[in-house]
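K.L.:
Listed below are the residues making up each chain.
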Amino acid sequence: MKLAAALLAALAFAALPVLTSSNYVVGVGISALIFTAAAAALNLVYGFTGLLSFAQLGFWGIGGYTAALTVVSLGGSFWTGLLAAALLNAVIAVLVGYPMLRTNRHAFVISTLTFALLVTLIARDWVSLTRGPLGIPDLPAPQAFGLLFDTPRKFYWIAWIFSVAAIAFLFALCSSRIGRTLVAIKQNEPLVRAQGISPMPYKLTAFALSAAITGAAGGVYCFNLRIIDPSFLDFYYMQTFLIIVIIGGAGSFWGVIASGIALSALPEVLRFSDDFRMIIYGVILVIAMFVMPSGVAGLLRERRVARMREALR
Amino acid sequence: MTIDATYLLQLTLNGIALGLLYALIAVGLSLIFGVMEIINFAHGEILMLGAFAMTFALPVLGLLYWPALAAAILATMLAGLLIYEVLLARLRTDEFERSILITLGLSIILIHTAQYFFTATPRMVDTQYGFDGVEIGTIRLTWTRLIGAAAALVAFAGLYLTLRFTQFGRAMRAIAQNREAALMVGIRPRVVARNAMILAAGLCGLAGSAIAPIQLVTPYMGQFLIFKAFALVTIGGLGNIPGAVVAAVALGLIESWVGGFFASAWQEGAVFLVMIVVLLLRPEGLFKRGGMRVG
Amino acid sequence: MSAILRVSDLRKSYSGIHALDGVSFDVEGGSITGLIGPNGSGKSTAIDCISGFQKLDGGTVTLGGTDITSRPAHLIARAGLMRTFQTVRVYDRLSLADNLAIAAQQFDPAGWIDEFLRTRRYRQAVESSEQRARQLVELIGLQRYYEAETGILSYGQKKLVALAAALMPHPKIVVLDEPVAGVNPSRIREIEVALQQLNRAGETFLIVEHNVEFITTLCHQVIVLEQGRKLTEGTAAEIHTDPRVLEAYLGITPEMAAAEVRGAA
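Chains as they are written, first to last, in full-length UniProt numbering: chain W, 1 to 313; chain E, 1 to 295; chain D, 1 to 265.
Everything labelled a hint here was simulated from the structure, so no lab data went into it.
Take the hints with a grain of salt, since some may be wrong.
With beta-carbon atoms standing in for the labels, derived distance ranges [said to hold, decoys possible]:
hint: 1; chain 1: E; residue 1: ALA89; chain 2: D; residue 2: GLY234; range: 52 to 62 Å
hint: 2; chain 1: D; residue 1: ASN39; chain 2: W; residue 2: VAL91; range: 34 to 44 Å
hint: 3; chain 1: W; residue 1: LEU148; chain 2: D; residue 2: GLN106; range: 45 to 55 Å
hint: 4; chain 1: D; residue 1: THR217; chain 2: W; residue 2: SER198; range: 32 to 42 Å
hint: 5; chain 1: W; residue 1: ARG102; chain 2: D; residue 2: THR217; range: 42 to 52 Å
hint: 6; chain 1: D; residue 1: ARG121; chain 2: W; residue 2: SER198; range: 19 to 29 Å
hint: 7; chain 1: W; residue 1: PRO133; chain 2: E; residue 2: LEU183; range: 49 to 59 Å
hint: 8; chain 1: W; residue 1: TYR236; chain 2: E; residue 2: ALA89; range: 26 to 36 Å
These numbers were taken from a predicted model, which means no experiment stands behind them.
Here a beta-carbon is modelled for each residue, glycine too, at the ideal position from N, C-alpha and C.
So here's chain W without its partners, still in its complex pose (with noise of 0.2 Å):
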């Protein structure tokens, strides 16, 4: 049922640029399609599996960063420089993924953290890779099947394939035993371990994968923008993700893409000052967190639960 859902909201989605003659509307569909699927990805570490990273950060730029360049320095097409971002993610992600797993979740916390400031410096600072501060303007349009997808209208495809796509590869892995395992290890890890199981290998897969699919987010967004520079790696992306995986419910798959889309779309259709919009976010963000900690889906699931302890009184 949901899944159906799913599908129809998917082809429903294609249809926007079909449906809608507003450049500026496609723009923002084109934004709402790449968040939803970062948003996804750090629903599967921090939803699923319980580890709040806020290393997504810089995987995000680290993936954009290595998809523009691999096309400006290294020549390589906007296809390779995609891959590229998300295999370099998954590779870091495991290196540095590794000792900050093995210390406790307060100091995982902190040292993602660590690691996507420890990003933006390197964005900003390391000039003879990144370019500095001036960052890399004129990102050339991706190209494909001797087509170039040279405007918003365009580009829209790329995006919602790429969304469609790492969104289908995520629930799959979510609905899968590993998804199921890493609910478990959320839950009670010492119980996960008295079966058997050893967390480790879990936790690195989630963190890793989500790497990569935030990378690639990260890698197509650039190309939408079509310059990547260190603000880039503003904290304000963080926020949005957090934002869209709180108010949608932290570790419910469809809560999560459900309002990826919606809240995408509210920056924009609450059009006041950038710090005017800041301050609601922050109040939104205080709000759910005491009002529903696990967001809209929680809020339905506990009206389950309760139904559900009721019949079987």
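Guided by the hints, dock chains E and D onto chain W, whose structure is given.
P.N.:
Below, chains E and D without anything else, positioned relative to chain W:
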């Protein structure tokens, strides 16, 4: 390159001053973690509030340093009380991730509210001391720097005595070591947590008002400092106050030395690299936490 | 019968205090063995060390002839030693069916590739795991909660779920850490019956418990620990009349114990 002894000494003194500043922030974080097992993401914004309070108090008080400092510290302590009563008091223990997200929201609100009202333009703060200072040989130290460092030292001495010898300090250490046992002997964790939060905010406010005359004041000034402080408390072992102080002063020195000889990128990245190495070698931090130790 | 679990000379100390000071015992295959002792006698430490949740300072543990000393917890479980926990641990937000399926998944040969391709190996593994799960759920009498989240169950019911989960992969031995502590007395009898039934079907249990009556009704062999050492060992009847045990464990004389038994009967 020949290393000039005076230059090195100057770097060292600057490093210690910087380290004491970091320590003021990190100690507060460690204190809060010890009592409540949470991280206050908005701690840097308390520092920013302290700096802005100093900025506004100084002209009103005729540029007098000490009354303005006291006013700023009181303001931040009040902010700490408010943050505790409105937000943190509702948290249960073992809600670490939730505490981060709530205080992250608060941090976003505070930064952008400050930016909305005060704009992002950096402010300079003038005090009665201006740029006066003392000169020892060829080394020159401004009064504002010296007083800032001295105030930090006095604050640490006060904190040490408080934790060591007062009823409140003992209660705080008891909770950090064993919450259940502390409850059983009648310590009220909420009161202790509130006091810890006020104390931590006050220390942070001191840091903020002390650097206001030294650095430029902007709404974002707390953010980068707090990320460093997070790294510091992790290096020092979460909840371990002396560990945080040692790590903070060491970092101040390292940053100052590195900054004196290498590009500034290395200076800012140093703490994060150190932290990664420490966590690789000792996942629990340098000084493993065995409750909150004092002295 | 031969010893399935052989523990010899376990040593463990915390900052100078000997929690375990050379404890040795055997658990016979197919038996129910009890491990009792007063608070702080080291029984919880003993099973934490045996199951790999704490590091041993010395001694050896062999399971079915294989040395499992100081292996990480998950490898000890894979070797065939499953355990439960004193404060009940289940996955509150997963269904009872999933709780049991996870407990068995590490023990079947199907990997993620099998799952992705839905190979025969995968389907067989899922099928046999489900069959076992239904059997065990029937035994613990929670059929109607099969699809329900275990979070809605009572504490006693969760203890039964934890027991069933431990049995899922057909382990060589199940170690139960205080299976009836905090359980409603009316439910204790249910657990007793379930354990006896399982034991007749060939399962081996090592039970750590405070409830002496529970232990003496169930166990073939009882080991008594005191202050990190083995005080004595014997059948339930022998233990029950051993004056040393009564004194160490209950702090009472045999006459008082006898009076208590009469009172309870």
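K.L.:
Look at each hint and say if it fits the structure.
P.N.:
Going down the list of hints, with the structure as the test:
1. ALA89/E x GLY234/D: 52 to 62 Å: This hint holds: roughly 56 Å between Cβ atoms.
2. ASN39/D x VAL91/W: 34 to 44 Å: violated, 51 Å
3. LEU148/W x GLN106/D: 45 to 55 Å: Holds, at about 50 Å.
4. THR217/D x SER198/W: 32 to 42 Å: holds, 38 Å
5. ARG102/W x THR217/D: 42 to 52 Å: Since ARG102/W and THR217/D have Cβ atoms about 45 Å apart, the given range 42 to 52 Å holds.
6. ARG121/D x SER198/W: 19 to 29 Å: About 22 Å separates the Cβ atoms of ARG121/D and SER198/W, which means 19 to 29 Å holds.
7. PRO133/W x LEU183/E: 49 to 59 Å: This hint holds: roughly 53 Å between Cβ atoms.
8. TYR236/W x ALA89/E: 26 to 36 Å: For ALA89/E against TYR236/W, whose Cβ atoms are near 29 Å apart, the range 26 to 36 Å holds.
Of the numbered hints listed earlier, the single one contradicted by the structure is hint 2.
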